[in-house]
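Participant: Okay, here's what each chain looks like letter by letter:
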Amino acid sequence: MMTTPLNKSVERKDEKLIMDAGDISRAMIRIAHEILERNKGVKDLALVGIRTGGVHLAHRLVKRIHSIEGVLVPIGELDITLYRDDLALRKNQPILRKTSVPFDMTNKVVVLVDDVLFTGRTIRAAMDGLMDLGRPEEIQLAVLVDRGHRQLPIKANYIGKNLPTSRDEQVQVLLDEDGEDDRVVILKS
Amino acid sequence: MSILIKGGRVIDPGRFGGIADVLIDKGKIAAVGSNLSAPVDGWTIHADGKLVMPGFVDLHVHFREPGFEYKETIQSGSAAAVAGGFTTVCCMPNTNPVNDNQAVTEFILERARLAGLANVLPVGAITKGSEGKELAEIGDLRRSGCVAISDDGKPVMNSLVMRRAMEYALAFDLTVVDHCEDLHLAEGGCMNEGLVSTELGLPGIPAAAEDVMVARNLSLSELTGARLHLAHISTAGSVRMVREAKARGIHVTAEACPHHFMLTEELVRGYNTHAKMNPPLRTWADIQAVKEGLRDGTIDVIATDHAPHATQEKQQDFTEAPFGIVGLETALPLTLGLVEEGVLSLEQAVQKLTSAPASVFGLKKGTLAVGADADVAIVDQQELWEVDPSKFRSKSRNTPFAGWKVKGRVNTTIVGGRVVFKTDPVER
Amino acid sequence: MSLKRKDLLSLVPLSVDEIMLVLETADSFKEVTGREIKKVPALRGKTVVNLFFEPSTRTRTSFELAAKRLSADVINFSPSSSSVVKGETLLDTARNIEAMQADIIVLRHSSAGAAETLANGVKSSVINAGDGWHEHPTQALLDLYTIRQRGMNFHGLRVAIVGDVSHSRVARSNIYALIKLGAEVRLVGPPTMMPCGVEKLGVKVYYDMDEGLRGANVIMMLRLQLERQGRAQFPTIREYSRLYGLTVERVRLADAGAIVMHPGPINRGVEIAPDVADSLSSVILDQVANGVAVRMGILYLMSGAN
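Residue numbers (the working numbering), protein chains in the order written: chain A, 1 to 189; chain B, 1001 to 1428; chain C, 2001 to 2306.
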């Protein structure tokens, strides 16, 4: 696990620090426990991370769950680009990443994992994407940050931190896997 | 009715050059000299700073009538001619029906008379229907007014037929004109064969398709003694062979078109159908050879190969679009460009547009000699203008020169002592 | 990185990055085509028109499947020469189609430059699905994809293209792309099948097939137009086949891991021996399968709002 000391020294000039590495780590531990508690263990459990931040967090959760239960639950990676609702409006199409869900989802409880929950449109796209790949028994949602301003009736089951924001603020989750120091920030305009 | 053209720089190739007045009376040139006095009942055109030249003679135009009046008529073609300073034009026989008989020749002459603008002189077909098989009634064509014979665009492939045509034409003192293209070598081609055609995936026409026919025609001219005129030569090979043939005394003359000394095959990129003509635009080396040929006299004449086509025809994809561009209204500034560039002297350039073409077909045109038909072009050599096809008098707009900024413009054109085109007001 | 182009007419203007973007995007669609449900909603509400002036079941079907798997509406329009009113130009036809609000027009035409003429005249995106002898960019891209799928690097790759290069749009597109990607391109065939000045494109020409195949990593066979037998390009099919047909023995001259490609349809026993076409080194069916994923990628990348 990450051992960055809890202090504000990682805060950059143009950012407002919301969570540091320790905060993120504790949130992930708690979410792992909540997932296990709610689903009464790892039976039929699977995690699917939404590219790209969600994939990293899903991998962290799998490791956490392994350290608690000693079982590696199946993990998938989902690129939602082709399911976005704004494709027809964009001038240039976003770059496609690979989707890889190497297990059968039938009868599985799939926990979708994403970094930030905002309008809910990404999660809608992700659920459509999952449904095209199989028929899970249940879909749950885990996010590191819920910043509000939903435009669709979507609610997370597991939340690292509720973060009140204004609509035009930019929330960023920066992770070690992408070569950044773990942190959640609001970008100052 | 007389006209005095005052104070212009007169260029009468081979005869006179300098500031002078030109007096026109009863449709003829009455006098060329200093301080001529204005006629009592006539007009005066002040030509200070302008060039005063014989009206231009174009040995190679397509006026499309009869048969393709939607592209051009003798009326619209004549209007384009005089707007470009051309007072005499020779129209090729590839109309529908083909001008291979007296009736079509007379029809063309009658239409030209009604148009009342330029002198339109028909070129008759060599073979019936220009099919390259049986000779047309060449004697009859001559008698009814044809000034030369050619199967332009459908070259006579059968060498025996060409030999007989050349021999027969001798009897009527007719020049035989050939569009030199070996149709087998050129089959399906629509641009010059080379790296550009390879890159564009377009079927090519090799330079050799022209060269082998130039060689054949030169041999046949040597064999028969006929007067041979080679239309629109475009390759270095053609220029070299004509130069050598002239040195050996063969009765050959040759023409070049402005597009063949201005543009290369590169213009085809982007599948620009206004760069599609036959012979095709060639390479830079060919352009240099054509220019050298013009300079040293190997190429006697500048002709336009004015080939109007409707907009929708040129809007087809490249392989479908017809060959050819209009040229009458752009030839003058493009030719003067050769003067600016130092390729030709001004007198040489004027000669290639006037007296030289007239002598190729034996026409009493292209001169300001006293007693000659008063066909005159008055030109502002310095005027800059932009080529705008929408302002063309021609019915068609197919030119690759649209938008070009060019120098030298016709102010006034006089045919048979009548002002048929003018941009400046004429004073009483 | 994105494909900021209205049209895909030729591979000449594409950068190496753009080519790689297409191949990587195709990778993502390869996964989609492997699913139980092979359809994604990316092009919902878009209209793709397959405008085929020249019959080609293979390419048209490939584009149709690609568009359908992206949830686009697909119209197949194949004006036969008789039904296109004489005098109606390609542009007239295309403007009619555009009036039906086509977002993308996929054009196959027998004339070089038809795609460019069309693209200049309509607002819709135009994808060239083969224009005369000029180019067939999507075929070359699927060929590149198939080569890359076999784990080969383009840089220094020895590719022998065998057959009638002068009349081949597939060859031209492949030459442009492979040279750009740093491959060594060899053209193999009789001089009558080599277009004027082709060496200037940076390729090596071999009249001797054995010599041209030696050490090659990829053997790309072109389809022989049988009707060109006789006066035009080669004396007889028999002689052509003997001089330039791909046999098992000739494949052995190439690199040990060499692959054999063919854009189809194959003249079995003419340009390629049946046992070669069906051998392990043949990737001909992979090319067909990859065609759909590559075309999905291209349709996706070109479907941005105009």
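Since the hints were made in silico from the structure, they are not lab data. Mixed in with the good hints there might be a few duds.
[Claimed, not checked] Chain C is faced by these chain B residues, among others (derived, beta-carbon under 7 Å):
1) A1031
2) S1034
3) L1183
4) H1184
5) L1185
6) E1193
7) T1264
8) E1266
9) L1267
10) Y1271
11) A1310
12) T1311
13) Q1316
14) W1404
This structure is a prediction, so every number in the text was calculated from the model and none was measured. All C-beta atoms in this analysis are idealised placements derived from N, C-alpha and C, irrespective of residue type, glycine included.
Participant: Please go over all the hints and tell whether each is borne out by the structure.
Facilitator: Okay, the hints, checked on the actual structure:
1. With its C-beta approaching chain C no nearer than about 55 Å, B/A1031 sits outside the 7 Å limit, and its interface hint is violated.
2. The beta carbon of B/S1034 is not positioned within 7 Å of any beta carbon in chain C (closest approach about 58 Å), and the interface hint is therefore violated.
3. Evaluation of the B/L1183 hint against chain C yields a violated restraint, the C-beta minimum of about 14 Å exceeding 7 Å.
4. Hint status for B/H1184: violated, given a least beta-carbon distance of 9 Å to chain C, over 7 Å.
5. The criterion of a C-beta within 7 Å of any C-beta in chain C is not met by B/L1185, whose closest approach is roughly 13 Å, and the hint is violated.
6. The beta carbon of B/E1193 is positioned within 7 Å of a beta carbon in chain C (closest approach about 5 Å), and the interface hint is therefore held.
7. For the restraint placing B/T1264 at the interface with chain C, the shortest Cβ-Cβ distance is roughly 14 Å, beyond the 7 Å limit, so the hint is violated.
8. Because the beta carbon of B/E1266 sits about 14 Å from the nearest beta carbon in chain C, more than 7 Å, this interface hint is broken.
9. For B/L1267, the interface hint is violated, since its Cβ never comes within 7 Å of a Cβ in chain C; the closest pair sits about 13 Å apart.
10. With a cut of 7 Å, the hint placing B/Y1271 at the interface with chain C holds, because the nearest CB-to-CB distance is about 3 Å.
11. About 10 Å separates the beta-carbon of B/A1310 from the nearest beta-carbon of chain C, more than 7 Å, and the hint is not met.
12. A cut of 7 Å between beta carbons decides the hint on B/T1311: the least distance to chain C is about 10 Å, and the hint is violated.
13. Proximity of B/Q1316 to chain C holds as hinted, the smallest CB-CB distance being about 5 Å (cut-off 7 Å).
14. Residue-level restraint check for B/W1404 is violated (minimum Cβ-Cβ distance to chain C is 20 Å; threshold 7 Å).
Of the hints listed earlier, those the structure fails to meet are numbers 1, 2, 3, 4, 5, 7, 8, 9, 11, 12, 14, in rising order.
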